[in-house]
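Peer 1: These protein sequence lines are chains F and V, in that order. Heads up: the first sequence begins at 1 in my numbering, then just goes up one per residue. Heads up: the second sequence begins at 1001 in my numbering, then just goes up one per residue.
Don't take every hint at face value.
Claimed, not checked - Which stretches of chain F does chain V cover? Using the computed rule of at least three CB atoms under 8 Å from a CB of chain V, they are: (1) 4-14; (2) 121-129; (3) 150-163.
What the hints assert, rightly or not - Okay, the calculated bits of chain F under chain V, using three or more residues with CB under 8 Å as the criterion: (4) 23-33; (5) 66-77; (6) 86-100.
Keep in mind the hints are simulated off the structure, nothing from the lab. Glycine included, every Cβ here is placed at the ideal spot set by N, Cα and C.
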Amino acid sequence: MSRLNPGNVELARTIISRYPRPRSALIPLLHVAQEQEGWVSPEAMAHIAELVDLAPAEVLGTASFYGMFKREPVGRYVVSVCTNISCLLLGGEELLEHCERTLGIKPGATTSDGMFTLEDVECIAACTDAPCLQVNYRYFLRISHDEVDALVDDLRAGRRTDEVPPHGTLTRVRQDIRPERWVGRGAEGLPPEIR
Amino acid sequence: MAVSDRSPIVTTRFERGDAHTLEGYLATGGYAGLRKALAMTPDEVIEQVKAANLQGRGGAGFPAGAKWSFLPKDVFPRYFVVNGDESEPGTCKDRPLMERDPHQLIEGLLISCYAVRASQAFIYVRGEMALAQERLAIALNGAYAAGYIGKDILGSGWSLDVILHWGAGAYIVGEETALIESLEGQRGMPRLKPPYFPAAKGLYMQPTVVNNVETLSYIPWVMQHGGEAYAAIGTEKATGLRLFALSGHVRRPGVYEVEMGTTTFRDLVEAPVYGGGMRHGNKLKAFVPGGASAPWFYPEQLDLPLDSSVVGPAGSMLGSGAVVIMDETTCAVRAAWRLVRFFAHESCGKCTPCREGASWIEKILRRIEKGNGREEDLDLLLDVGDNISPGPFPRPAVDGEEAVPFPYKQTTICPLGPSTVSPVHSSILRFRDEYRIHIKEGGCPYG
Ligand SMILES: Cc1cc2nc3c(=O)[nH]c(=O)nc-3n(C[C@H](O)[C@H](O)[C@H](O)COP(=O)(O)O)c2cc1C
Ligand code: SF4
Ligand code: FES
Chain F
1 MSRLNPGNVE LARTIISRYP RPRSALIPLL HVAQEQEGWV SPEAMAHIAE LVDLAPAEVL
61 GTASFYGMFK REPVGRYVVS VCTNISCLLL GGEELLEHCE RTLGIKPGAT TSDGMFTLED
121 VECIAACTDA PCLQVNYRYF LRISHDEVDA LVDDLRAGRR TDEVPPHGTL TRVRQDIRPE
181 RWVGRGAEGL PPEIR
Chain V
1001 MAVSDRSPIV TTRFERGDAH TLEGYLATGG YAGLRKALAM TPDEVIEQVK AANLQGRGGA
1061 GFPAGAKWSF LPKDVFPRYF VVNGDESEPG TCKDRPLMER DPHQLIEGLL ISCYAVRASQ
1121 AFIYVRGEMA LAQERLAIAL NGAYAAGYIG KDILGSGWSL DVILHWGAGA YIVGEETALI
1181 ESLEGQRGMP RLKPPYFPAA KGLYMQPTVV NNVETLSYIP WVMQHGGEAY AAIGTEKATG
1241 LRLFALSGHV RRPGVYEVEM GTTTFRDLVE APVYGGGMRH GNKLKAFVPG GASAPWFYPE
1301 QLDLPLDSSV VGPAGSMLGS GAVVIMDETT CAVRAAWRLV RFFAHESCGK CTPCREGASW
1361 IEKILRRIEK GNGREEDLDL LLDVGDNISP GPFPRPAVDG EEAVPFPYKQ TTICPLGPST
1421 VSPVHSSILR FRDEYRIHIK EGGCPYG
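Extracted from the complex, chain V is given alone in its bound form:
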């Protein structure tokens, strides 16, 4: 059992209730990291973030310092965009960061913009998050008025505008190139990478950094304590702390700030300070280790550590830090269908295998769940899936077969397409019998 006694970093102000006011934030050491950064050169700030090995928290896990180094030298204007579109099912850790400690995000953004010499910054918040937008507006107004944002920040001679922007309901906008399209006033459809890597051709085709809310919220601490201090937390490859949204059939669902690498999925589920064990003492059936897009894990994978360098080769991903626990009362077909309904609904329609495949899969799963399935439907499902994500699909080692490592292959422009295949493949892999019962008995055995 490895429940870390490390003090939390980004959740320390969650219970205060006034951290969105400038007074509340300053009273708890706020903006000390920014002052420290402004006394350094931008390159020195980047070196600290690189030393921290701060891995991105939006899904892909790419280290922030390395990402910033991809910006071409001397091309201006260049932009910084905060990804606050959080909508991956199971994920709810960026919203509390925006609602309960918006200045921490703003401070992290300011430090990051200074480091990459951004011309302007935008905070793109999910449209449905009214409170987060309001708290960020209050925090931005306070910071602008007191000289932390805008002209000549804290008398340093450096100036920056930060604009609060919000969406209007579309999951796909969370994908970084779709986010950029949306910020340009377009439909939120992903761009092909290459050539449209944001670092090279981002907002208005200019160099752009897109970082997740949680990633940026860790930056003030990294500045204050140094990159090495952050890297010393966790293990060599899985550094620092991270927020995990633990939901589903545990006694204590919640958002927990957890030490990476030394903590396992089992700790997350069973430790009294985290999940507190399975609800009603039921048995674990399967779990989603990193958001709806991730291939499922089963009880055999519980002892894996929260470490991407282990979870990837083991067949899935930590993704957006969303762990969804399903106990033995869960119908695997229904769970898979509900996830697929989501992806089919959210497909932007730009590529054919995703647009047509996702809605096909949804229809087939629905008819199986409703009791109208056919014997050949299982092969059909896997076949349609193979058109979206060809070859062996990522999966953990189960039933004597080896793991197929993450990531998945794709015939599509963005990973939403293959994400549709995850729940289908994962549920058939372990629960093929449940599908058979649905088909044979003409209905759902779970009622």
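Only chain F is shown next, with the shape it has when bound in the complex:
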């Protein structure tokens, strides 16, 4: 449990500077915090509140609305199995049950070694590739029960970490805007110049 580290504070300031109003950076900053620790701690939220000049209660109010922000530690790998309509029709529930057996836990729980958290989730926009799941928001499409077992073994053994970075890691390439290309007039009351 900690505040954002110096590198992330700098990143946070860059992100804030891209919006006409600092509060718009709130969700991206919560992601930065989750990337640092794997979850969003009260200390991190208090730090973010300072950075965007809000009360900690306001930061929590936003954070708690969004399902991806984990306010308690979760496993290194969050396994999200879709059981919504298209997946339901093609074995999504059976896939979830198989994951429960393989991991030995129910949805919402974390394995005792802290490696896996299992979730029963809503549509993940891969309906034409049912049944499907995500691990840390990386897709595994039309996945068989055997493939689930192999995936779990690999991740436990520290393999395929390229494919699936630790929970909280979003993109490994960030948006990067060089100062000389940045316009920065998004809040201006005049129309953009058009020749």
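We have chain F already, so just place chain V with the ligands on it with the hints.
Peer 2: Below, chain V with the ligands without anything else, positioned relative to chain F:
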């Protein structure tokens, strides 16, 4: 049978694997539409998009050119927001557009921002789509560095910043006013319309356009070939091509780019290039024609064309372009319950009929499916539904009764509430007997 031989428009680079790099995109004619737009006045660009009759692909189907014209004159700053929150169950066509051809979306956005003279643009991507975010970041970085975004775009004197933003898991944020709230760092709860139409009071209460990823992805082609060329595809009212996500019990589930108006649901299910027929040769039981929110259709509606001006009066909607096929092995009660569980989970809680009604309906359906239903539950379900969406609920013409046209009425702030009623009403309408069996035999006949 009307399988169009039109060449695809937005899916042409899907198999390349390098379209997210600037080199890959430029090698396939990328940014030619932007150059063409920059040689015109903004109003001339709007005229082309109006002539195209490009209908919005996020759900409501409103023509893009007309939407842009609603912005009040001379009010600045004004904003452009891309809706990449795709989370309507059954829908998965925006994600491949963002993952496999992000520059096409960016080019469409740039042209659109030029047309409406936007002060700044934001691409709001669903939080759970890590690859889409990464590919868009790579594409934006390439485009910024090479002068397609930022200061003095391509030496035109016009400048614009485009910011990649993403959510954190909440379906309701896909609704445009909730998307704006979320982009302001708030809980994603819809605003009341009127007065909060984005064109008038959007992001930071300034004029704002919200367009869907797919809508914008068609804009570069429209610029290159002209609005009339686009309008010439399809039929008079259903113009152009469109992506449909075909899922469920067909042989070949997939995302297909299909000609509007001339193609029917039957073509989509049966044509070898699309669905390839029903899985195992089973019989069709029912289908969702336009995302989880849409009232269901049955085999009688298979020959309707993919045309909103026909599907609406016939009792449902094309919505988000998601067609979910259910065969005879499907338990209608279970399917309805699963959809309702979704809406109950995703209700933002701002209005009472939706917050309380959706969870009531979910509980009742669950107990019926588990075999603990009561005789009076069916009336109760319809009654709770009527509190959320009063009056005759949209439905197709079946069993000698006339269709009730879409859209549904609502006692709520946004359409999520009435969407909850769709699967309930649709399943009771045709499969009342299945409900009775669940109640009488104390369980699900499908096991
Ligand atoms: C509950 C709800 C969820 C929605 N989800 C999405 C979505 O995920 N993506 C989207 O583009 N539009 C969604 N919409 C529609 C948007 O409100 C809006 O109409 C659309 O983004 C406008 O873009 P278009 O005109 O290009 O279609 C949703 C609407 C509602 C009521
Ligand atoms: S209808 Fe439901 S989701 Fe929409 S604003 Fe009301 S409570 Fe929120
Ligand atoms: S229903 Fe499972 S991914 Fe859409």
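Peer 1: Indicate, hint by hint, whether the structure satisfies it.
Peer 2: Quick rundown of the hints versus the structure:
no.	hint	in the structure
1	4-14	violated (count 0)
2	121-129	holds (count 8)
3	150-163	violated (count 0)
4	23-33	holds (count 8)
5	66-77	holds (count 4)
6	86-100	holds (count 4)
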